[in-house]
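Once you have looked at the hints, place chain B on chain A.
Here is what each chain is made of, one letter per residue.
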Amino acid sequence: MTVNLQAIEQLATDQASLKAAAGLAKPAKWSGIGESHDAALVWGECAGSGANPYRVMADLRDLGSKCTCPSRKFPCKHVLALFWLKAEALAPFPAADAPDWVSDWLGRRRTGGSAKVASVAAEKDLHAARIAEPDPVEDEKAAARREAASARRAEETEHAIIDALDALEQWIGDQLRMGLGGLIDDVTARCRRIGSRLVDGKAAALAGQIDEMPARLLSLPTGDRVRGAAVELGRLVLLARAFRAEPSNPEIRRRIAVAESRETLLTDPATLRVKATWEVVAERVLTRRDGLVSQTTWLLNLGASGPRFAMLLDYFPASAGRRGSVFAAGDQFVGELAFYPAQAPLRAVLLGRETSDAKDRDWPEDAEPLSATLTAPLLAEPWVDAWPILLPAGRIGFDRTGAPWWRGHDGAYILPVSGQLGALATGSELSRTVGLWSGSRLELLAARTPWGRIDG
Amino acid sequence: MAEALLPALALVLTRWTMGGGAAAAAPADWRGALGAEAGEAELRLLALAGQLLGALTVVEPSGDVQMLPDIPTLAKPPLEPEQRPRARRLMLTLRETSQRRALLDLLERRGWTMHPSDWMPGTNEDDLPEVYSPWQDWVARAGPQGMDVEEDISAENWDQFGPAARRVAFAALRRRDPTRAAAVLAAKIASEPPDRRLLFLDMLAAGLSTADAPVFEALANDRAPRVKIRAATLLARLGQADAGSEDAAELAGFFTVKTKGWLRKSPEIVAQELKTPTQRNRRAALMDMLTFGALAQALDLTPKELVEAWPWGGDVQADHALAAMVERSAADAVVLLAAETMTAQATISLHGLYPLLPRLPADWRRRLALKVLATSGGAFMQALAIAGNDGEIDGVVATAAGEVLLSELAGRSDGERTGHAIELLAIGLLASQAAAVQALEKLAEAGLIASDPRLDMLRLNAALDPKGTKP
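Protein sequence lines, in the order shown, are assigned to chains A and B. For the first sequence, this note's numbering begins at 142 and goes up steadily by one. For the second sequence, this note's numbering begins at 424 and goes up steadily by one.
Pulled out of the complex, with its shape left as it was, chain B reads as follows:
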């Protein structure tokens, strides 16, 4: 019946839109009910028409209604309901991407994932633990429908993977068969956008071998300068330095190599005094641009000799720049040697150390983080930056830095115990489960109440039993 009335009502609505009486255009069946008085008839018609238009004219979808695929189940289960509110609150309050990433890593290490109604990756969020890649693809609506991710990625099926799944599949192949992975990448990397070309290059950095050289050589003239430089530095790690260039000779000119010692002579590098800012800028630019191997060669030193002869702690900027060169382009053994040389000294030169962190193994970084905490001036945020997202450190508060923090907290009255939120967050991200339980006990002794929101991360950590394998 409603369908029969609609044409008449369309006319009524048109009259009312412009203004004026519409009763004359009312559906014939209704006219008797409208009455004779003109004003009254309009109101009655409005009451009738309003109800019909409000309820019985449900719009139709345009075209078919398509359902999205189910949000995929991840390889690790979502958090238990008791832990979800705390994790959700933390995800909302942590402002920095790196801190959110650290929380996701903590969950993942213990064998858990976020619940999809508490958090889903944003469309542009790339830097996430691998376990979330099915969600990244779901969010990007590029999910590999029916694609068996267990199947090895190859040049032929490359395009069938969604971007995140492609990265995961490639990482898996790289772990299993590095040479074949390099061959697949050499064939397909040109089809990826620049940002992803960089990501794939970085994925080759672990387990680098001469079989990877063709990939880097193919990118020697890449359109994107960043990709070009990254490919060159990785090639340099393979020992294929851009030796003998004028730039390398110019950089070597900023330093002199002397010998020291009587019985056993060893080289010693002395930096030339820089007289003008222009000289300082030029030296920094050259160090940014050149590879470690090129400098060593220009100074006529082996990479090992260059690290040992360097005057660490003398010039903060130069230390940082050289460490960055090592990180970018030196072999793994040289990276470890540089880290050892720096940390062998009484006070750790963090400026030099920071650039090396991405290439240091997890146990190394944990050891360094503990070393920072063992000094009474050590800060937990620094330790977190060093330990990265591998955490799981035992006895985090049973350190000199922990004692300082606890005594500061204990010495204050209730009203003044604010602040320290960053430190408490860092402890929560660094600690192993046992260390988190211990830290909570010590903090309670220092007078913090259990429901203090600054302890959220620690309480979450303490409550997360390792479900998967502990690192």
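If we strip away everything but chain A, and leave its shape as in the complex, we get:
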């Protein structure tokens, strides 16, 4: 089974898609390319603008396809580029068993005939797509004007954010004066009002944090909500003060407004790049109140140097539908990550990955004493709500009320555990555990047991 260039031209929704696909039809942009033994399916991973690569898969029998990117075009440029790689043999497609994510897609797929060929709005041409356009020449004056405009915009943004933070502190003061009991009773509406004000004031990340606050507070036991509210509001004050003290600090700015773009991160020579063997610990997908879906992937560094954990964070609109996961929990791979600058680097983007031959490497032992792991981020980033930790050997048990607790083998630490636990998490030794620690609660992400690895 094969695909030809003419078919790709017909499939593309427009000339722009072909042009974009031409840019991606280069082996360097791809990893994990393969095809099924019967040559019916092809797949690969393509680096995009997000923290995760996109998973692209296609069925050559009817040219049906799927890509995990958020594009609304169907097929998207990644699928076209994969077809292109195949059609012109630009990259080798080694025969292999279809990975689970391809099988899953195939299982869900409606096979009701061949893929629709896009309605021909205008003639599309692969050759035209291949011609590189020269970069427009820019004169010095124009460049200076552009820079000045950019600096002015940055200044305006900063003013807008400071104004929004003033409004936030005013709001927090009001809540204290009117009573946290009242806030908890009316938390959704009140948070929504101040959240919109923050969005107007360009403090989008902070608005996102406040949007999720009602859900976090209401998930606490009733008697613990006032304390929870004081903790949440206290963090907001700390963050607001930190921004005022150092508005250009990228780490604080990321928490208040928006993260640097991938390009900014990659062009900065100071960016920390770490190549190591990583294990995908867990993935969390959350639909947020603002209609965005956040996809967080937690990676554990199995090597000796570099940050112990990395977090890949992507957002896409909920209306784009369910996206397949890029990784399966438990995957181990050698890959290079670029970390966003921070005192304790955690958030990162994946630059490239190789498949690891070293199957199932064991988890390392954390060199830090547990007391430091549990409290260090409180000093570095006192506004952070939870951070990943690697726990030593221990076990989960239950107290008299049936609440679960993790207890280390040395008995020095006993930590309250939240969320649903599988049978193995409570019926087995946990030689290592990775969880999100909020300072008062442990959410299990994964653990290693005599039965093998388990997910939290």
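These are calculated hints, taken from the structure and not from any lab test. Treat each hint with caution, since some may be false.
Quick list of in silico lysine to any residue cross-link-like pairs, SDA-like style, CA-CA up to 25 Å [said to hold, decoys possible]:
| no. | chain 1 | residue 1 | chain 2 | residue 2 |
| --- | --- | --- | --- | --- |
| 1 | A | Lys-160 | A | Leu-492 |
| 2 | A | Lys-343 | A | Gly-364 |
| 3 | A | Lys-416 | A | Ile-174 |
| 4 | B | Lys-499 | A | Ser-572 |
| 5 | B | Lys-865 | A | Asp-241 |
| 6 | B | Lys-865 | A | Leu-201 |
| 7 | B | Lys-499 | A | Lys-416 |
Positioned in the frame of chain A, the structure of chain B alone reads:
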């Protein structure tokens, strides 16, 4: 230090809960840092207090933290990592309990078990292969701590076993020493809840002997009607029929026994024509209630004569009801005779056959399943229902039914090859490993791609080398 601050912070939280300034109640050490301006002091106090309350006031467990025992290792090993994703996916997608049970049986036959992070029994899941009984008890938190399950179960140690382990231990004793098992059960069955009384009664059904009669007699007046009826029917299998009752005579009245043949006369049963629905319902009710032996006696026939004289294939409902009577209360030889008589005919009367299945030996059911598949209209799901969970049939697709399926699949274009998922699942559950490999080859020739998820069960089957002893 945190402990010293907590009383002051409790007061601060109380003020904020009601609303109003709390700076005046702040811990003395902090007051200098709060500043003079009232609004600002509240925010600073909130930042300080929030961090302390968020991080340094970890709650304590109430009472001791108790650890659960380890999930027990089963008698057969968990699946290899390569097979686990497929088995997990199947467990999630199979909706019917019977299909999940069939998958567990397939694994068990080949010497494997599920991995506990892929599947654990639910608390109310009783119908599982015996190998999982340690997990059932673990789930029910009633695990027999330190109990040596190898030790024979007796009336004295009965209560020390968890419910699932008790069943297994009893089954083991029943196999080794049926008479002693019956004596133990006679002493202890009354202490079990009704559902388990039924389960234990069913466990006596295999290898039934007159030594079991006291158990059934003790349950003749059981509180639960189901238990009472089951005990009566089992007693009937021992030949102790409730003969001569008026009901039996009434049921016999629905049939006439004639003789046929000139040289060798043999009896022939003719059903009376039923004129009203009331008559039909009454006959069905009587057949549901009475034992096979009682009917035979009322018709003045031996059980063998009753089976041979019955007009099989004449009335579907009556066939089904009589077969159910045979299954419930006739001796093993009569069950086999009924199955033979039914299948000797050109077309198998499945209505009559289905009720008998639980009492037919595995090789019998396999043979019948193949017979169904040998007809071109045969369906794999029917064959699966007949073969039960013993499967391991060779040449499953090299049958008339297999040829029909393959030609249907081959005749379609790629886009239309949907459907048939149930058939492909059934093939995967029925086939021996060699037959599964063969089926996959034939299906690939018919145009199905290897990664088609409908082939999951077949691929799992083909990949499972028999680890234990093959049946």
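Okay, the hints, checked on the actual structure:
1. A:Lys-160 - A:Leu-492: 23 Å, holds
2. A:Lys-343 - A:Gly-364: Distance ~35 Å between Lys-343 of chain A and Gly-364 of chain A Cα, so the pair is violated.
3. A:Lys-416 - A:Ile-174: 21 Å, holds
4. B:Lys-499 - A:Ser-572: 24 Å, holds
5. B:Lys-865 - A:Asp-241: 24 Å, holds
6. B:Lys-865 - A:Leu-201: 22 Å, holds
7. B:Lys-499 - A:Lys-416: 41 Å, violated
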